[in-house]
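Protein chains: 4
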Amino acid sequence: MSSSDSDALVLSDDPLHPANLIPELCRNFYQLGWVTGTGGGIGIRVGDKVYIAPSGVQKERILPVHIFVLPYPQAAPSPHTDRVFLRRPSLNLKESACTPLFWNAFELREAGSCIHTHSQNAVMATLLWQGKEFTISHQEMIKGVRVGGVARALSYLDTLVVPIIENTPNKEDLKDSMAEAMKEYPNAAGVLVRRHGAYVWGSDWEKGKTQAECLDYLFEIGVKMRQAGITTVVSS
Amino acid sequence: MSSSDSDALVLSDDPLHPANLIPELCRNFYQLGWVTGTGGGIGIRVGDKVYIAPSGVQKERILPVHIFVLPYPQAAPSPHTDRVFLRRPSLNLKESACTPLFWNAFELREAGSCIHTHSQNAVMATLLWQGKEFTISHQEMIKGVRVGGVARALSYLDTLVVPIIENTPNKEDLKDSMAEAMKEYPNAAGVLVRRHGAYVWGSDWEKGKTQAECLDYLFEIGVKMRQAGITTVVSS
Amino acid sequence: MSSSDSDALVLSDDPLHPANLIPELCRNFYQLGWVTGTGGGIGIRVGDKVYIAPSGVQKERILPVHIFVLPYPQAAPSPHTDRVFLRRPSLNLKESACTPLFWNAFELREAGSCIHTHSQNAVMATLLWQGKEFTISHQEMIKGVRVGGVARALSYLDTLVVPIIENTPNKEDLKDSMAEAMKEYPNAAGVLVRRHGAYVWGSDWEKGKTQAECLDYLFEIGVKMRQAGITTVVSS
Amino acid sequence: MSSSDSDALVLSDDPLHPANLIPELCRNFYQLGWVTGTGGGIGIRVGDKVYIAPSGVQKERILPVHIFVLPYPQAAPSPHTDRVFLRRPSLNLKESACTPLFWNAFELREAGSCIHTHSQNAVMATLLWQGKEFTISHQEMIKGVRVGGVARALSYLDTLVVPIIENTPNKEDLKDSMAEAMKEYPNAAGVLVRRHGAYVWGSDWEKGKTQAECLDYLFEIGVKMRQAGITTVVSS
Chain A
1334 MSSSDSDALV
1344 LSDDPLHPAN
1354 LIPELCRNFY
1364 QLGWVTGTGG
1374 GIGIRVGDKV
1384 YIAPSGVQKE
1394 RILPVHIFVL
1404 PYPQAAPSPH
1414 TDRVFLRRPS
1424 LNLKESACTP
1434 LFWNAFELRE
1444 AGSCIHTHSQ
1454 NAVMATLLWQ
1464 GKEFTISHQE
1474 MIKGVRVGGV
1484 ARALSYLDTL
1494 VVPIIENTPN
1504 KEDLKDSMAE
1514 AMKEYPNAAG
1524 VLVRRHGAYV
1534 WGSDWEKGKT
1544 QAECLDYLFE
1554 IGVKMRQAGI
1564 TTVVSS
Chain B
1334 MSSSDSDALV
1344 LSDDPLHPAN
1354 LIPELCRNFY
1364 QLGWVTGTGG
1374 GIGIRVGDKV
1384 YIAPSGVQKE
1394 RILPVHIFVL
1404 PYPQAAPSPH
1414 TDRVFLRRPS
1424 LNLKESACTP
1434 LFWNAFELRE
1444 AGSCIHTHSQ
1454 NAVMATLLWQ
1464 GKEFTISHQE
1474 MIKGVRVGGV
1484 ARALSYLDTL
1494 VVPIIENTPN
1504 KEDLKDSMAE
1514 AMKEYPNAAG
1524 VLVRRHGAYV
1534 WGSDWEKGKT
1544 QAECLDYLFE
1554 IGVKMRQAGI
1564 TTVVSS
Chain C
1334 MSSSDSDALV
1344 LSDDPLHPAN
1354 LIPELCRNFY
1364 QLGWVTGTGG
1374 GIGIRVGDKV
1384 YIAPSGVQKE
1394 RILPVHIFVL
1404 PYPQAAPSPH
1414 TDRVFLRRPS
1424 LNLKESACTP
1434 LFWNAFELRE
1444 AGSCIHTHSQ
1454 NAVMATLLWQ
1464 GKEFTISHQE
1474 MIKGVRVGGV
1484 ARALSYLDTL
1494 VVPIIENTPN
1504 KEDLKDSMAE
1514 AMKEYPNAAG
1524 VLVRRHGAYV
1534 WGSDWEKGKT
1544 QAECLDYLFE
1554 IGVKMRQAGI
1564 TTVVSS
Chain D
1334 MSSSDSDALV
1344 LSDDPLHPAN
1354 LIPELCRNFY
1364 QLGWVTGTGG
1374 GIGIRVGDKV
1384 YIAPSGVQKE
1394 RILPVHIFVL
1404 PYPQAAPSPH
1414 TDRVFLRRPS
1424 LNLKESACTP
1434 LFWNAFELRE
1444 AGSCIHTHSQ
1454 NAVMATLLWQ
1464 GKEFTISHQE
1474 MIKGVRVGGV
1484 ARALSYLDTL
1494 VVPIIENTPN
1504 KEDLKDSMAE
1514 AMKEYPNAAG
1524 VLVRRHGAYV
1534 WGSDWEKGKT
1544 QAECLDYLFE
1554 IGVKMRQAGI
1564 TTVVSS
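Residue numbers (this note's numbering), protein chains in the order written: chain A, 1334 to 1569; chain B, 1334 to 1569; chain C, 1334 to 1569; chain D, 1334 to 1569.
Read the hints as simulated data drawn from the structure, not as lab findings.
Hints are supplied without guarantee of correctness; some may be wrong.
Calculated cross-link-like contacts (lysine-lysine; reagent style PhoX-like; alpha-carbon spacing at most 20 Å) [to be verified]:
#1 A/LYS1557 with C/LYS1557
#2 A/LYS1465 with A/LYS1516
#3 A/LYS1557 with A/LYS1427
#4 C/LYS1382 with C/LYS1540
#5 B/LYS1382 with B/LYS1540
#6 D/LYS1465 with D/LYS1516
#7 D/LYS1427 with D/LYS1508
#8 A/LYS1427 with A/LYS1382
#9 D/LYS1540 with A/LYS1427
#10 D/LYS1557 with D/LYS1508
#11 B/LYS1557 with A/LYS1557
#12 A/LYS1465 with A/LYS1427
#13 D/LYS1427 with C/LYS1540
#14 A/LYS1557 with D/LYS1557
#15 B/LYS1427 with B/LYS1465
#16 B/LYS1557 with C/LYS1557
#17 D/LYS1557 with C/LYS1557
#18 D/LYS1382 with D/LYS1540
#19 B/LYS1557 with B/LYS1516
#20 C/LYS1382 with C/LYS1427
#21 D/LYS1508 with D/LYS1465
#22 C/LYS1465 with C/LYS1508
#23 A/LYS1382 with A/LYS1540
#24 B/LYS1427 with B/LYS1508
#25 C/LYS1427 with B/LYS1540
#26 C/LYS1516 with C/LYS1465
#27 D/LYS1557 with B/LYS1557
#28 B/LYS1465 with B/LYS1516
#29 B/LYS1427 with A/LYS1540
#30 C/LYS1540 with C/LYS1427
Could you put the whole structure together from the sequences, leaning on the hints where they help?
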C-alpha cells in the first residue's frame, strides 16, 4: 500500500471520522485529568477497521496522521505472528500498549469503542474497595450505565458492580485477567484495574464516552461517600 | 409544517436565541461537571414557546438542529393525549426526560428557564443533610439568591432553605413530588433531589443560570463546612 | 456628552485597554471559580479614570459597552450628592456594588486595580481562622506578595498577615471596616471578609491580578494545611 | 547584534519552536494550577541555545518576544562575570530566577527542558513527607517515569524516590542543594522543594512535560492516599 493510500485512511473532512475524533476526545480526556503523562486513551472500531493512538505520546497533542488503522477481526499476535495493520504512521511510533485490552472489548462485547483512563477517581476507588468489586446503588447516574451485550439500562435501585482486577507489571499480562473478569461479570460496564485506572466500552464512540463519564462520576461520588462514612450500597 | 418552516424555529444568527443558547450553556455546564454522562440540561421558555434539548445525548455536543420546540402552555400528556411539539429534530431523538419537571418551573413559578444538574455538590448535600431541607445562613452568596414569585432577594442574615425530595426510579414520577415541594416551599429557589441532583429556575435564562451557580456554590461550601465540623446555620 | 463620545471611552482596538481587559479578566476569574453567580469582579484605575463592571450581571459575559467610566478622584456619594460618571452604559445597569470598596484601594493604597473574589478558598480561610487575622509563613508563594505603599516584597521567612473583617448585610457598610483594617494593617496585601471573600489590589491591573492569585493560592494551601493538622506559621 | 537579528532568534512560524512552545506550555501549566501568581515556568535547551521566560510576569500571557536566549554551555555568573545572552527582550525584564536551577538539569542530566511548578500537590507532598524523600510504589503511573541519565523506565513494582530539599529565602541559594540532591540521587526524575514546589526535567520539551505530569499525578495520589491512611509503599 502506498503512503497516500494509507493516509487516505486517516485524512477526512468529517469531524466524526475516527481519526479526527480520537485527537479531539483525547484533548477532552486530558482536561478531565484522565490521560495526563501520556497515559490512557481510546480505541475506536467501525465495522472491520480499528483506529488506535500511538503509545507514549502526549494524548492531548495527537494528530490524525499519528493514528494506526488495523483490520478487524484478527488473531492476537503470537511468537510466530505479528499484529496486522492497514496503516502505520510514518513516524517512529508504536501502537498503544492498550491494544490487546481494547481488543477484549471489541471481541467479548462487540464494542465500537474502548476508553482507558488513569483517572484518580478510579484509582482511589480501587484503593478504598480492597476486594474484587466496586459497588454502588441508589444514584441517579446509575441509570446512565448500560450493561451486558444488549446494552440494558440499570435502574436507580440496582446495585452497580464493577469488577476490580489486580494490576500487572506488563500491560500485555492484563489481557487475560481483564477477559476473565468480563466473562465472570457479563453485566460489567467496565473493569477497574487496581492502582492503575479503568477500561470502559460502548457500542460506538459516543456510548463509550458516555459510559466512561457515568462510571467515573460514580467512582468519584463513591469515594467521597466512603470517605464521609456513608455506605454506598443501600439495601432496598 | 414543512421541514424548512420547522428549522426556522431553531436557526438564528442571534447568539441569544434559545436554540443557540442551549448548546452554549450546556458546554458551559459540562465544564462545571454538571451534565456529564448525558445527564442534566436546561429548558428555556420565551413567551409561548419552550426550547428543550434531546434525551440521552452528550450535552456538550448539542447543535441547534437538535432542539425541540413546544407550544406553551399545554396540558401534560396523558394515556389519551401526546405532548404537542412545534418542532421535532429530524433525527431519532426523544425530548429530555426532564421535560415534565421543567414544566413545573414554568407553570408554578412562571419561570423562563429551568436547569437540572447532576452536580456532585448537590448530591453530597443531599447525603449529608438527611432530612427534607438543606439550610445555610450567613454566606454572602445567599444575597444572590432570588426567592418566590416576585423574585425577592435574600439578606445575608436570612437562612436559605432548599427542600430535598426523594429520588424515584422513573423521572416522570418526580413531577408530583417536585410540584408538592414547590408548593410547600413557595420561597424555594430550587429543589434538591436526593442522590440525584438539583432543579433550579429563573425568570429568564440568565436568572436561571445565575441561580444555579449561586445554589451550587452554597451546596459546595455547605458540604465543606459540615465536613469540617462547622455549623451552616448561625442563630443571629 | 453625546453617546458616541461616551462610547469612545470604552471602545478600543488595544487588548490592554481597561474596557477590554475587564471582560477578559472576568472570564479568567470565572474559570477560577472566583466570580460565579454574578459575584465578584475587578475595578481598574488608569490615571484620572476608573473603569468598573456593572452589578448583578454574569461576569464571564461582560462586553466593553457594559463598562462604567468614572472620574478620579471624587468624593464618596452622600445623601446630597451622587456618584459622578464619565460614561454609563446605555442599558438599565447599575455600577458594581463593590465600587466604594474598590475606591478604598485607589485612595488608601494608590492602587491601579482592585479585585473582589468569592473564592471558596478565601471563605474557608475565614471560617477556619476565627480571629481577625489569617496568617501563614514559610511558603515560597509568599515571596510573590507585595505589601505596603512601596510594594515591598516579603521574604519566605516572613509571616503574611491578612486581616479578616466581619461581613455586613449591605456591601456599602463594608467600606468603613475595610478602610479601618487597611489603616490598622498598612502592610496588608488584601482584606478577607468573613463568609464572603476577599479584596486584593495592586499598582496596576497586572499586579492586582498577580496579588489575587498569590493570596488565593496561600488561602488554599493554608486551608489544606490546617485541615491536615499542620500549623501554618513556623516560628523561625 | 542588531535588534532584528535578535528577534530572529524567537520569531518563527514553527509552533514547535521553543519561543512559541514556552508561551503555549505556560498557558497549559496555568490551567493546571502550576504557575499562578507569576510562579513557576519552563526552560528549554536545544543544542547550544537555551530559551527562558522572564521573571515576575504572568506566565499565561508570555509572548515569543519576551523570551531570553542564552548560549549553552556557559559558566555560572560570578562576582566578576555576568550571565551571557544571545538575546534579551527589548523590555525592562529580567530572566527567570529559576535560570541557575534549570542549568542544573541541563548540566547534570543533559536535559533538554526543565519545568518548575508551584503545584499544591507537590507542596502538600513535602508537608506530609517530613523527611528528605517522597516515596511511592505500585502505581501504574510510575511506569511513565524515566530515571537516570539513560532515561530508564521504572517498573510498576519499583519504589519511586523523589528527594526533598529544604527551601531557602533566595532562589539562587537553591542551586547548590538541588545539585547535591541530583548527585546523591542519580536516578531522581525530579527534585521537590519543601513548601515551594518541584523541578522536573526531560531529554526534550516533550519528555520534560510528560515527566512533570507523571510526577505531579503521583504527588497528588500519594497525598490522597496518606490522608486516607493508606501506605504509599507496598513491600512486595
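The hints, checked one at a time:
no. : hint                     : in the structure
1   : A/LYS1557 with C/LYS1557 : 17 Å, holds
2   : A/LYS1465 with A/LYS1516 : 14 Å, holds
3   : A/LYS1557 with A/LYS1427 : 38 Å, violated
4   : C/LYS1382 with C/LYS1540 : 18 Å, holds
5   : B/LYS1382 with B/LYS1540 : 18 Å, holds
6   : D/LYS1465 with D/LYS1516 : 14 Å, holds
7   : D/LYS1427 with D/LYS1508 : 18 Å, holds
8   : A/LYS1427 with A/LYS1382 : 18 Å, holds
9   : D/LYS1540 with A/LYS1427 : 17 Å, holds
10  : D/LYS1557 with D/LYS1508 : 30 Å, violated
11  : B/LYS1557 with A/LYS1557 : 12 Å, holds
12  : A/LYS1465 with A/LYS1427 : 32 Å, violated
13  : D/LYS1427 with C/LYS1540 : 17 Å, holds
14  : A/LYS1557 with D/LYS1557 : 12 Å, holds
15  : B/LYS1427 with B/LYS1465 : 32 Å, violated
16  : B/LYS1557 with C/LYS1557 : 12 Å, holds
17  : D/LYS1557 with C/LYS1557 : 12 Å, holds
18  : D/LYS1382 with D/LYS1540 : 18 Å, holds
19  : B/LYS1557 with B/LYS1516 : 30 Å, violated
20  : C/LYS1382 with C/LYS1427 : 18 Å, holds
21  : D/LYS1508 with D/LYS1465 : 17 Å, holds
22  : C/LYS1465 with C/LYS1508 : 17 Å, holds
23  : A/LYS1382 with A/LYS1540 : 18 Å, holds
24  : B/LYS1427 with B/LYS1508 : 18 Å, holds
25  : C/LYS1427 with B/LYS1540 : 17 Å, holds
26  : C/LYS1516 with C/LYS1465 : 14 Å, holds
27  : D/LYS1557 with B/LYS1557 : 17 Å, holds
28  : B/LYS1465 with B/LYS1516 : 14 Å, holds
29  : B/LYS1427 with A/LYS1540 : 17 Å, holds
30  : C/LYS1540 with C/LYS1427 : 27 Å, violated
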